[in-house]
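Just so you know, the protein sequences line up as chains Z and X, in that order.
Here the first sequence is numbered in numbering that gives the first Met the number 0, starting from 0 and rising by one per residue.
Here the second sequence is numbered in numbering that gives the first Met the number 0, starting from 0 and rising by one per residue.
In case anyone wonders, no lab produced these hints; they're calculated from the structure.
Keep in mind that the hints are not guaranteed to be accurate.
Which copy? The list can't say, so a pair holds if one copy fits it or any two copies do.
As the list claims (entries may be wrong) - Listed below are the simulated DSS-like cross-link pairs for lysine-lysine, each with C-alpha atoms no more than 25 Å apart in a straight line:
| hint | residue 1 | residue 2 |
| --- | --- | --- |
| 1 | LYS11 | LYS156 |
| 2 | LYS91 | LYS11 |
| 3 | LYS22 | LYS91 |
| 4 | LYS156 | LYS111 |
| 5 | LYS18 | LYS102 |
| 6 | LYS51 | LYS156 |
| 7 | LYS71 | LYS168 |
| 8 | LYS168 | LYS111 |
| 9 | LYS91 | LYS51 |
| 10 | LYS22 | LYS11 |
| 11 | LYS28 | LYS156 |
| 12 | LYS71 | LYS11 |
Spelled out, the chains give:
2 protein chains.
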Amino acid sequence: MTPYQAIELFAKTLGNLEKWMDKAEAYAKDRGFEVDVLAQSRLAPDQYSLVKQVQAVCDQAKFAAAYLSGGKAPSHPDTETTFAELRARIQKVEEYLATVSEKDFAGADDRKVAPAWLGGRWFRGSDYLVEMAIPNFFFHASMAYAILRHNGVNLGKMDYIGGITTHEK
Amino acid sequence: MTPYQAIELFAKTLGNLEKWMDKAEAYAKDRGFEVDVLAQSRLAPDQYSLVKQVQAVCDQAKFAAAYLSGGKAPSHPDTETTFAELRARIQKVEEYLATVSEKDFAGADDRKVAPAWLGGRWFRGSDYLVEMAIPNFFFHASMAYAILRHNGVNLGKMDYIGGITTHEK
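Excised from the complex, chain Z in its bound form (with noise of 0.2 Å):
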């Protein structure tokens, strides 16, 4: 997996989120509650809550397209409450990776990495796809999944994977 194509999933796993959004809609209007109730869901009282879970899957996309192609991340305050700005939180995210292209990742592996809470330090651009970026952003998506799905919405894994590419015999 190159690291465009890295970009290119969470850019899709960002759309089947978009579609787990849309279930938790629909189904907050079928019980006739607010859905932005579960953007303050969580499963711990220590763990971050749905609202922080969409920051954080967003930002791991942003920083990965960011850090492995020299660009510079956009700027998006972590002030969203509802679903509707989480929706859009997201689709900036998803337009920031559109002006991506995957020569811009030329040279990603050896790129030097620093974000601001390695004091200093930095990761080799393959271990920060490889050890931070990929595991991290799975994580933060499979935590809004999860809390989505703990309190009730129905979704099962295909919902989670999304499209995928197969062939005839």
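Since the structure of chain Z is already known, use the hints to place chain X on it.
Below, chain X without anything else, positioned relative to chain Z:
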């Protein structure tokens, strides 16, 4: 990320999972409950229990290694019910992963991957890795983590990520 790097990352994450189970066992001991209660825990009544999440994460790693290296996966019947049995399952998979080496993955991108559940259809190796093996592996790892976290086990993000490879300025 090459197919072999993916298998290494899966092996590392299975090692992390064993440490989450260590924390779960310490928590159960401290609170005076039987840890195997957690083995049957789940986030939703129609979602996999911890036992099945661990079986699934093991299978994702094992089958990715077998399909992409052209090898044959060892058979591991889903008979586990306890933490001790789950640990043995994880260790068997870790041992199997250690038998494949980088050179076994030559040509992995173009291998035909035809799991029985596809009913005769097949994936290109590279599509299987990107669209199924990686997202699915991290899904089940994250769900195992989430079930423990939801039940009070004191896990944090770096328990999920494990060791990282960074460099000084």
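The hints, checked one at a time:
no. : hint             : verdict
1   : LYS11 to LYS156  : both (15 Å within a copy, 24 Å between copies)
2   : LYS91 to LYS11   : within (14 Å within a copy, 33 Å between copies)
3   : LYS22 to LYS91   : within (21 Å within a copy, 38 Å between copies)
4   : LYS156 to LYS111 : between (36 Å within a copy, 23 Å between copies)
5   : LYS18 to LYS102  : neither (30 Å within a copy, 40 Å between copies)
6   : LYS51 to LYS156  : both (22 Å within a copy, 14 Å between copies)
7   : LYS71 to LYS168  : between (44 Å within a copy, 21 Å between copies)
8   : LYS168 to LYS111 : between (44 Å within a copy, 10 Å between copies)
9   : LYS91 to LYS51   : within (16 Å within a copy, 36 Å between copies)
10  : LYS22 to LYS11   : within (17 Å within a copy, 34 Å between copies)
11  : LYS28 to LYS156  : within (23 Å within a copy, 34 Å between copies)
12  : LYS71 to LYS11   : within (21 Å within a copy, 31 Å between copies)
Consistency note: the structure conflicts with earlier hint 5 alone.
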